[in-house]
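Protein chains: 2
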Amino acid sequence: MSTRKKILIADDEPDILEILHFNLQAEGYEVHTAKNGLQAIEKAKIIQPDLIILDIMMPIKNGIEVCNELRMLPAFQKTLIIFLTAMSDDGTEVKGLESGADDFITKPIRPKVLLSKVNALFRRVPKESSSVQLGDLQIDREKYNVSYKNQDITLARKEFELLSLLASKPGKVFLRNEILSKIWGTEVIVGDRTIDVHIRKIRQKLNLDCITTVKGVGYKFEL
Amino acid sequence: MSTRKKILIADDEPDILEILHFNLQAEGYEVHTAKNGLQAIEKAKIIQPDLIILDIMMPIKNGIEVCNELRMLPAFQKTLIIFLTAMSDDGTEVKGLESGADDFITKPIRPKVLLSKVNALFRRVPKESSSVQLGDLQIDREKYNVSYKNQDITLARKEFELLSLLASKPGKVFLRNEILSKIWGTEVIVGDRTIDVHIRKIRQKLNLDCITTVKGVGYKFEL
DNA sequence: GTAGAATATTATCAAATTGTTAACGCAATT
DNA sequence: AATTGCGTTAACAATTTGATAATATTCTAC
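Top line first, the protein sequences correspond to chains A and B. With the numbering used here applied, the first sequence corresponds to residues 28 to 250, in that order. With the numbering used here applied, the second sequence corresponds to residues 28 to 250, in that order.
Note that these hints are calculated values from the structure, not bench results. Model, not experiment: these values are computed from the prediction. Errors might be hidden in some of the hints.
For identical chains, the list gives no copy identity; a pair is met inside one copy or between any two copies.
[Stated by the list, open to error] Listed next, the in silico DSBU-like pairs over lysine-lysine satisfying Cα-Cα at most 30 Å (straight line): (1) Lys88 <-> Lys72; (2) Lys228 <-> Lys139; (3) Lys199 <-> Lys176; (4) Lys232 <-> Lys242; (5) Lys72 <-> Lys176.
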């Protein structure tokens, strides 16, 4: 349901890059890397990571510069930033935190500590408004509503859940069994026709050809 | 506009307590202290601080125990917690972060670093303003009153809390469970009808169509 | 092209959910 | 002691929903 968190690591030492990459990836994050400050900024703009880990001492642009520059942009106002540094010098650390960093890790890096800090940071961040935009169709799980071309459409609960499920992976075919277990659970037993009826109601209300039947298999959401 | 943030510091060393107290107070925070784990828990319940700074090594109850115990309570789910420790031992640090701490500071404490971290943490937390303007409707959490088109409306406490909760995230659907745990707490058990009745009273008093029922899910505030 | 299977459609009904009103206990206030 | 207001619940009404049966239609394999 929730896309993986994206992390961008910027450090000029390949070893560190690799270690962090490995550990964070193993933890389930989508990891990207950059080997200097400039590249970090460029990649950040493309990837739009949830967290950026910046080495302070880097060629071309140092971590603090990168941080300051990114914080200027509205898109990075809320992005989490962690600094890495070899120095255990007060001044640098303070400067880093004041430039809008969320945490600070001193080298040598202990992977477990890093992971814990990363996890702790994400725990704090209010989770994204699970809203999905698909063309003119918008599905907002939090607000529990669906709108097409900014026109609200009222769906009953099961209808909403079903559409929400199908739309969570556009193009993917959901088997009838899959749908049953995800929406009705494994305990409840309902007939196959029930799904059809709900599908029909959704199609009717949306008045939009976006749910395709895959005969003998299931349904998928498209366009 | 914004009440001062409350910080509770727990440490058994009076010197540290004093230094932190002085520094944080100078920074504009309302500081409280406790000299052991048990006292920390008691004071925390009364004061409801925004941030708790816990020494790990404390008599009676250590910092991690305190943290775990507080995190059990719904009121402290979101409270920020920072650990202090003399050890630079990986294991402890990880255990601390995993028990739900938000940061970690190793002794000897460098006041500037501490202040920066504290400020950084608060910067992350979405500040809830005490007064909300929504169209012609105004909700003032501090004064505990609601007005529509500058006309005061008298709501009973539960009614106010309920409206205030719903209005805190306009559009978001609050599940009945969510409402129960946030307004009545997890201990108290009240029937489902109770929510309805309060909703009705609010609707009646506001005489404004702003609370939408999402059947089978909950309620949401809109417009 | 046709039989058989799978899905679509429609109407119906029971169950689940919420709305409404009145009444009760309790605490604070007069 | 009497009054008032609040929070809760009970009881019942009103509404919505979800499941099914029955029937029609479409698709697929042969």
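Evaluated hints:
1. For a Cα distance limit of 30 Å, the shortest separation of lysine 88 from lysine 72 inside one copy, 16 Å, qualifies, whereas the shortest one across copies, 47 Å, does not.
2. Taking CA atoms no more than 30 Å apart as the test, lysine 228 paired with lysine 139 passes in neither setting, with 50 Å inside one copy and 52 Å between copies.
3. For a Cα distance limit of 30 Å, the shortest separation of lysine 199 from lysine 176 qualifies both inside one copy, at 24 Å, and across copies, at 20 Å.
4. Taking CA atoms no more than 30 Å apart as the test, lysine 232 paired with lysine 242 passes in both settings, with 22 Å inside one copy and 17 Å between copies.
5. Within a single copy, lysine 72 and lysine 176 get their C-alpha atoms as close as 28 Å, which meets the 30 Å cut-off; across copies the closest is 44 Å, which misses it.
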